[in-house]
Amino acid sequence: MSEVGLGLRRIYEDRLAFAGLVILIALVVCAVLAPRLAPYPDDIKEIHPKQRLLPPSANHLLGTDRLGGDILSRLLFGARITIAIAVIAMGVSLAIGVPVGLVAGYFRGWPSDLLMRVADVFLAVPQIVLAIAIAQTLGPSIPNVILALSATYWPWFTRVVYAETRSTMNETFVEATRGLGSNPGRLIFLHLLPNVASPIIVRASLGMGFTILTAASLSFLGLGAEPHSPEWGRTIAESRAYLPEAWWYVAAPGIAIFLVVMGFNLLGDGLRDILDPRIRTGRAR
Amino acid sequence: MAQQQRRRSGSYALERYDPAVGFTAVRFKDHFLGWGHNQSPIERIDFRSVRETTSVVLGLIKGDFHGTDGFLPADQIDRLRKSENVRIVEQETMRIFTIQLNNQRAPMSDVHVRRAISYAFDYDGFNNGVLKGTVVRNPVPLPNNMWGVPKGVKGYTYDIDQAKAELAKASVKIDRPLRLHIVAGNAQSEQAATVMKAGLEKIGITVQIVPEPWPTLTGRAQKVETTPDMWTLWVSTLYADPNNWIGESYNSKYWGTWKSSSWYKNERVDDLLERALRSRDQAERAKAYEEASKIVVDDAASVFIYNTKEYGPFNKRVKGVRFCPVGSGQEVRWMSFE
Amino acid sequence: MIDLLAVRGLELHFETERGPVQVLDRVNLSIGHGQVVGLVGESGCGKTTLARAILGILPLSARVLGGEILLDGVDLLRMPASVLDASIRGRRITFVPQDPFGSFNPVFTIGAQIMELLKWKSAGLAGTGDDGARAGWMPGLLRPYPRRRYRADRQAVIDLLREVQIPDPEQMLRKYPHQVSGGQRQRLMIAMAFLPRPDLIIADEPTTALDVTIQAQILLLLRRLVKEHGVSVLFTTHDLGTAYEICDKIVVMYAGQEMEEAPTDAFFGKPSHPYTRKLLESLPNPEGEIRDIPGEIPGLIDPPIGCRFHPRCPEADANCRRARPAPSAVGERHWVRCYHPAGAAQPSLATPTPRIAR
Amino acid sequence: MRLLLFALRRVAWLAPTLLGVVALTFAISHVIPADPAALLAGEMASPEQIARVRAEHGLDQPASVQFVRYLGRIARGDLGRSLYTTRDISFDLVRRLPATLELTLAAMVVTVVLGIPIGVLSALRRNSLLDHAVRGATIAGLAIAAFWMGIMLQLLFAMTLGWTPLGGRLTGFPPRTITHLYVLDALLTGDWSALGSALNHLALPALTLGIPAMATVVRFTRAGVLDVINSPYVLYQRAMGVPASVVVWKYVLRNAAISTITQLGLVFGVLLAGSVVVETVFDWPGLGLWAVNSIVMSDYNAIMAFTLWVAVVYIAINFLVDVLHLLVDPRESAA
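Quick mapping for you: the protein sequence lines, in order, are chains A, B, C and D.
The opening position of the first sequence corresponds to residue 24 in this note's numbering, with each subsequent residue numbered one higher.
The opening position of the second sequence corresponds to residue 18 in this note's numbering, with each subsequent residue numbered one higher.
The opening position of the third sequence corresponds to residue 366 in this note's numbering, with each subsequent residue numbered one higher.
The opening position of the fourth sequence corresponds to residue 307 in this note's numbering, with each subsequent residue numbered one higher.
Be aware that one or more of the hints could be misleading.
To be verified - Derived BS3-like pairs (lysine-lysine); straight-line CA-CA distance at most 25 Å:
hint, chain 1, residue 1, chain 2, residue 2
1, A, 73, B, 219
2, B, 149, A, 73
3, B, 181, A, 68
4, B, 326, B, 168
5, A, 73, B, 99
6, B, 168, A, 73
Derived from the structure by calculation, the hints contain no laboratory data.
Everything numeric in this text was worked out from a predicted model, so none of it was measured.
Bound-form chain A, shown alone:
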């Protein structure tokens, strides 16, 4: 575990990455404690037609929405949806992408090539477009959005893992363990996985941010959350009709999205520099 400790220490030293980490911790806290933190937890269901579109004030720090809901409270609950989407989508993508990448990287021959070509096909379509197609066919709902995002993101992991595995395979110790006749499974999980871990972590962190953006876009286009859900992209879509007067209505959720994605990107970049000096980033120099 000292390695983890070391990693954390490095993150702490990298100011930007640390900022990212702080943002994300804040996000999780908001999501978990939403019912306690929210000034008006009921406003997820409750409506107050008489106090709609109130500008920010002491009672409503971020103002109220088109049905009188307290925007701050709704944002806090929205954070839950955002996290759920990002985490589940990434989890599923990992669950699909990593094994495929490992297998394709470990075994040579046409099955591996085929797997990689399939991945390429998915990567040939911009994610959001493919996600739209899938989500629309499945019918608009958050679970389907998650499904669509997972179905479109796994190839990124496959790519990374594949490349890493192949290079690791050529390193001597793998040859050695092979020589000792240890079975593929053992080799993959004891030797390859640890080696591909760091690029996966980096990719996942950056992927979270990307996924959150895509998910928000889908909701904005009306593919995600059902009406009056506190989901951030959805809220922005609803707020448009009340511009320019109700500027706070559109500003708040947008900034929320921005901060969270920023958090993941900063952390991701930081991790990339820390875990994987081979990959050069703009920040590295």
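Start from chain A and add chains B, C and D according to the hints.
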């Protein structure tokens, strides 16, 4: 969506059309009604189809547009009121808004449940809060300003206790979330649905809101089994007779059309509506419609919400704006620039 | 007469997160007119840094803390970069890089690159007060290449390419770097170093990147050109054999300190510094056994006080650990910085077997 | 000649990917849904109608047969009919294409014209205040939701300042159409008022679409330039006293350009994807908006066609980039 194309242009001839842009019409000189009534008629009209309401309003305020159709969100009308370029012509029309209940399907088959639902909608909150009083409460299956409306029918009010009481009387159990279908991308039906949902959850009924394109909805309404538990519906004027509303909606002989999508069945009402339809005697017809209305309201066949007010925002320079309730639009023949 | 180039007490550090790396410790070095000086030492001893310091192309992290680099008595360290560009670099001092593969720009033809260089540096410019570099930024780029001079220079290039035994020079000028072998590239690099008719050429391990057979040819070529053009050369290498073959004088560096300076014969004849002796012993000798120097090169973040070799030195005593010894003469133009020089002449150790006739 | 061979080799490599994309859209439209026939026939359809649709579209056949037919249709450029407008989809596609093309190209211009110089500057002045600012901005640029930024721009420039229209492509009817790119047409026909209007309408969407892509370009340009600056050949140039201006503007840029060109394909992908959202925000009558309207109308055929179209264009662009790369980088020709 500002659909200027909706305006009738019989007295104007189409000159140019582009679905992405809109169309241009020029005055049709030899229109059978002639133009004697209008000294300086408008020679040329550009109709632009603009998707974003906000753009329409901005255009009106800046004076790029001289008019638009009446159905604008309340908040936009507020903005227009503030502008010195725009004059808003206001009048109650005959376009009523209801939430349809599928009377043939449990639990809505139980009159007490239907009443409970009707008590659970915050009419005042929606009409005067969300829509800022740009509509008027319309508790009956006919536009308030139509003849045949029964006198002194208050209809239902937002009253959770009453709702609970009614629900207690209900014989059926509500063991599933009710599906409330709305017109996809239509902000007002979204908000109405949300208000309905909020109210129903107070009395322990969960609601799932399902956005669907309009053609799908009307399609569903053709069969009782595909008709949603509830859905938002506007009935506007095709012809100025009570039958256009209550008749086509609650006379079971019309089953299968989307207007009658509440699948309401009541011998007495059927009988009354038939008689009203056949009779020549205005007084008798009125009585029949009034009585039928009372029953339908008492049965809470649908949730009757409001009757639309028409807001014709026009550039101050435009004169002679008159409304035509049928198809609710404004007749350009009468208009002129000052 | 004064030396062409004299480095006096040059002290230089590299800034790093882990503190300053003390790469050069008050280094002295002198190069006479027409003299070929070999700067010898293990990699990381600071010879490349010294070479770069003379050219003024140190990395950003480098800090010069003291000393001077005199070219005909003028201190280059106190000269503004523009003047260096205009009248020193590529004019009086030219450069043969270690890596002939990377030192050509892959996306331009060789001809384009040579001519671009001559546009600013051709001998034709010498004497005329003209210098491109002082002419600001964009102007430098837009500056035309006078037709007349261009033709002259191009001819000069082709002649010189013949001289460095490049078959069919015109053809060569049209090629891209990746289409040319390493040996050829290094010949080109050498040619480019001579074209401006410099006084001093700094050749930074010019042969290490090449394989042995090529090395020999390049050395031969270099030596011939040096003799013909009578230029001075600073030749850094870690290979004593190479140094032996072309140098008039050899300077040994260890861990950022120069240890001994001697004419080539004296250097191999009677090496006086313990390190030098170890170095020579480590050469493959007739008996074919290889003796290694015990111990390892110190880290330069906190180098040993005094003589940096003392941790590995059999002779080392308190003095060595206290202060760095001053240069002491042990023979004709033969200096050594050691408290215990092996002064007495003794039978020469292994001299490297020449690969080319001297 | 060599170029041609290279191109052919690339095409051969791309063909399977294309096939795969078609297979993908087929899977989405025919395999995922429980009953594609019901989807096509629409919610209101009676069992008989659904049955008829199933027969018409051969949905009762085994999947393999269906796929072959599907492939054939697509090869013939027949993308089916829109379930909503019942028009031929390829017709809509073609009619909507120019708008999206104009927007994407404009955004591309913004991206490249701004992105590359900024990247170079930030690399040349690395660790300067400017550099830090730029790097911060790029990280931010990649974190902003495009649709939100678009709305904010509208809020500022259209609603508050009133400098630009909220959306749309033009006020009034387009200039005499030659290319259907209004800006170009207006220029060609010298219709200055239309030109002004077109540019005015184009400004915000192009910016919104361009900025995230710009962030990417800046990053890669910066990294590329740094690579070059630290390369031995630049060191050599400096050692030989070639003026800094020449080294930077001639050598560094030329080399950095290569690494940037390879990124353009990626950038174009970003732009294509972005156009869906941006066109919605700015009511831009292009393919993206068309796709979104198809979503609202749950017009599956249209959405599949759009997906397919984007994929094909995306692949084609990447192919072109490879060829371009071959042209600018002599090393490629060796490989």
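Okay, the hints, checked on the actual structure:
Only pairs whose Cα atoms come within 25 Å are accepted, and residue 73 of chain A paired with residue 219 of chain B is accepted, the gap being roughly 18 Å. Annotation: proposed proximity of residue 149 of chain B to residue 73 of chain A holds, straight-line Cα distance about 9 Å (limit 25 Å). With a C-alpha separation of about 18 Å, the suggested pairing of residue 181 of chain B with residue 68 of chain A holds against the 25 Å cut-off. Taken as a hint, the residue 326 of chain B and residue 168 of chain B pair is honoured in the structure, with Cα atoms around 21 Å apart against an allowance of 25 Å.
With a C-alpha separation of about 21 Å, the suggested pairing of residue 73 of chain A with residue 99 of chain B holds against the 25 Å cut-off. About 29 Å separates the Cα atoms of residue 168 of chain B and residue 73 of chain A, which puts this hinted pair outside 25 Å; it is violated.
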